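Trainee: Single-letter residue listing:
2 protein chains.
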Amino acid sequence: MTYRAPVGDIAFALKHAAGFNAALAEGLYGDLSEDVVHAVLEEAGKFASGVIAPLNAVGDRHGTPFKDGAVTMPPGWKEAYTSWAAAGWNGLCGPAEFGGQELPLAINTACNEMWNSASMAFIIGPVLTMAAVEALYAHGSDELKRIYLEKLVSGKWTGTMQLTEPQAGSDVGALRTKAERAGDGTYRITGQKIFITYGEHDLTENIIHFVLARLPGAPAGTKGISLFLVPKFLVNADGSLGARNDVRAHSVEHKMGIHASPTCTMVYGDKGGAVGYLVGEEHAGMACMFTMMNNARLSVGIGGVGIAERALQQALAYARERKQGRNPGMPATQSVAIVEHVDVQRMLLTMSALTRAARAICYATAVALDRAHRGRDEAARKAGRERAALLTPVAKAFSTDIGTEVATLGVQVHGGMGYIEETGAAQHYRDARIAQIYEGTNGIQAIDLVTRKITMNGGATVRAYLDELRAIAKSVRDVNDPAFGSTAQKLDAAIGHLARTTEWLLAQMPANQPAALAGATPYLRMFGNTAGGCMLAGEALSALRGSGNGHSDAPRRVALARFFAESIAVQNSGLADSVIEGAASVNTVALPDAAA
Amino acid sequence: MTYRAPVGDIAFALKHAAGFNAALAEGLYGDLSEDVVHAVLEEAGKFASGVIAPLNAVGDRHGTPFKDGAVTMPPGWKEAYTSWAAAGWNGLCGPAEFGGQELPLAINTACNEMWNSASMAFIIGPVLTMAAVEALYAHGSDELKRIYLEKLVSGKWTGTMQLTEPQAGSDVGALRTKAERAGDGTYRITGQKIFITYGEHDLTENIIHFVLARLPGAPAGTKGISLFLVPKFLVNADGSLGARNDVRAHSVEHKMGIHASPTCTMVYGDKGGAVGYLVGEEHAGMACMFTMMNNARLSVGIGGVGIAERALQQALAYARERKQGRNPGMPATQSVAIVEHVDVQRMLLTMSALTRAARAICYATAVALDRAHRGRDEAARKAGRERAALLTPVAKAFSTDIGTEVATLGVQVHGGMGYIEETGAAQHYRDARIAQIYEGTNGIQAIDLVTRKITMNGGATVRAYLDELRAIAKSVRDVNDPAFGSTAQKLDAAIGHLARTTEWLLAQMPANQPAALAGATPYLRMFGNTAGGCMLAGEALSALRGSGNGHSDAPRRVALARFFAESIAVQNSGLADSVIEGAASVNTVALPDAAA
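Listed in order, the protein sequences are those of chains A and B. Position 84 (the first sequence) corresponds to 97 in the working numbering; numbering is contiguous. Position 519 (the second sequence) corresponds to 532 in the working numbering; numbering is contiguous.
I should point out that these hints are in silico values taken from the structure, not numbers from a laboratory. One should not assume that every hint holds.
When chains are identical, the list treats them as one kind, so a pair holds in a single copy or across two.
[Claimed, not checked] The calculated lysine-lysine pairs, modelled on BS3-like cross-linking and capped at a C-alpha distance of 25 Å, are:
(1) Lys284 with Lys191
(2) Lys336 with Lys236
(3) Lys336 with Lys191
(4) Lys91 with Lys80
Please read all numbers here as calculations on a predicted model, not as lab measurements.
Please put together the full structure from these sequences, using the hints given.
Mentor: This is how it looks when you write it as structure tokens:
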């Protein structure tokens, strides 16, 4: 099944749901023009559909065989990566002084969606290189930047981010990898890291590892962690490659999905310690990680959207082609395409509505991050930072939850064929699943939302956001178009449930934090339902106003916003009950005992 | 990860939620004693845990290689199957005159849950043999019964059920496989069948295929279908094996899960036609299929429960062992088992509550089927038949939906380890997924519930069932135990939503059937939520009353019923909105066009 980049929809969501056009009009993006944006998206769409998408099934079948410390990438992957990097996609929002194009993160996020639709296993490597660029650019010494940044920006070398150890997963502060001062300004790294994405591969001549480790005498927990740059091959002063460093891949995991992404266990210090270079200050490694945390979480979130979009396209195509059953009154010799059956329509509408809602949330998060970096003054940047902070856990967790939900509906639309690997629907279901786990599990995102995000400014940040959503619902009411059905009422109700739950959560903390945490996951879902529902309604209003310049798809957008409001946003009532009235029932009393 | 058969919980659910004890007391099961029931369940639990469960991962890794028309089952599978059949498990509720034990279907269903927990790929073959036994016993000629039944009951030979063809999936009536009268009372079968579970294997010396085919001049659709028995090897008059019949496996599918279950494409008539024997009357094949349809659907439903139970056990064990993070105020050097985190507790409670709810629904369906067959008079049998008819689509679809949901939560509890195949959590996620599709997709179950089941007796059957659920909620209110929290109110509300939605659906039909069908899937979920929530409350009440003879787990059961009511049954409000107010929004207007 081919992937067709939905460039029109992507541009529309960016402009009308995520506020990109407003930012453009304000001058946030300098002299960037809409034409350039469209041209970039079109080109990305062509590359994603034409070059990467056909490699997705190949990568799933071949995986990444590991032998004698080396990983062999699937057939065609090196060529695709090389031409992708050569076309400048890796450096799309990288710093200009090191060869990047400094385009908005929002544009990169839109491209990222398309790369993910084409192949999640392909893009999660480069996404980490981009994160490494960000950390190095913000915190690295001039010397390190000079040697490494240009090659990381161009994608000539790739980067890895190495946090996890067997005993240190969600709890990064528990890591034990050691760094010792070598006396010459460099460090020697010893230890083991697990679950390292693209820790070893044959796409590029060098791999630059960014490794969290602990110096002798460092404080316990996250306050004693430092960040080190550890190249696979040492780099000579002239930029040429020197000796192999004392780091190697020990094994590659056998995963349920993203088979073409080599997930490695890395071993440091077989021969006394890998040479590492400090990035930022000693013991300040977590600050360096936080620099890129929001972007990385958004990158994972948009992966959920990317897989959802591809699963939707595949299911839609199948539902329009596959004939089975008939409408009431038709003779037994006839049959209709299954898209004619309302139960199939409900599945497809759910897939489409959730995908577009998550897309809008992710793009809005990206625009907020752009504001955080590019805002004209500190007040504007602070507003961007806070909006991004509020939306990031939702962008990550809601989008990846719906990624899996949409993929499983995609399997269901295919019936028995969906369970056969050759069809491709099952790969989406397997691939999508990881995104709910890595880069902070979705449970941790929900806890972050409840404990650190809605509490910002005493709740003022989240309340202001809710007011914006209320304004959208009011606009739907004001436009008074019968095609919206009960969209305005349903959105009002959804916002009401979210608002009262927010206030209840704020009232629990800090004294009754466990009660608040018990409802974190359903609360995040409510947040996504509400934001997503309102943003789809906002897109529909934009289409109706004709501000979409020639878009004539207002009826479709209104109908989808209505479906979301009437069939999905209505979940908020039960979710609010679950958070508020269900909190007391979340404890270990009801769990089976070990001998049950 | 080992599987520990939860025999105590299974027996409790059977007795106190499913009404098995009441049936026993009424004499429905003759002189069967509770002791015998316990002994059977204990033995099944030992066999499932000790012999089959360890083969589950082996089967997943090895799959069923196919070469020159032959399938090689995974290492250890033939031995396990042979000893399983020899122990009499295949004939547990088979007819006594052919060597079966004629134990209640309810007992077999409980055993089936354990076989499924041990390995779904293992039991789905024998379950089809059991279905074949049922069809042959009800509709076969004395001659066919004499030759085939004993060996099918004992499991010396296995049976297959062959409906599906490329153009005939959900729409069985579209099948084209041909049968022609040979003139000697036998038939010649030509055609192709796909997705045939255990169509070929090396577990037994013969395989007996039950094949739907169409005679020359037969009416179109389901009214022109006949059922044929087609042995892999013809059987001589003395019962010995004769020539190879003209049927062969052409290929084995590469599926996402249940790798050890060979799913075959079968070809009939390379050499002029396979010899087939008519079962039942010509053109009456669908009636024969319907005989076993309820049982088969229940068997698939209990598969969802089985996988859910195993995923739950594995996640619980991991959550109690894995240390990560800490409670507020603990020093950074310490950590707690993740079961201490409330967000993890919510996942585990959701898994446990859904699993036990689905178990109760499946067992209640089995007891109803027993009443349908064993009831003392036609009125009692009719009541059993109708209750079984009402609950069967819920047992199938709700249980298999939650099978996948529980399995995905199980992956999440494991974090990154859940995505690594060696852990085993991912296999449950992959295996569980098929059960939502086969034996009638869950969408078709929902449509069956709405169009054919709640409409029985003008709605009287479903209304009587709702009254029973109301009585449970009232008992919870009457017992007035503060540990129940707001369970009674939440169940009342859930029943109220289900009742008003039921009446709304009944009012739509037949004139406005598409509006009703649009909400079929969320309606079935409401039904499962309500029945499951009430049945868990019923179990808790039984435990409180001490009728469980020595059970001291009332606090756990009350707490779980409360969690279900306060965190899951509360979904019904949104689901009712989705059915009633969302119906108008389900159409094709909102779907992306092909070029979007």
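Trainee: Any hints from earlier that this structure breaks? Give me their numbers in increasing order, please.
Mentor: Nothing - there is no hint that the structure violates, so all of them hold.
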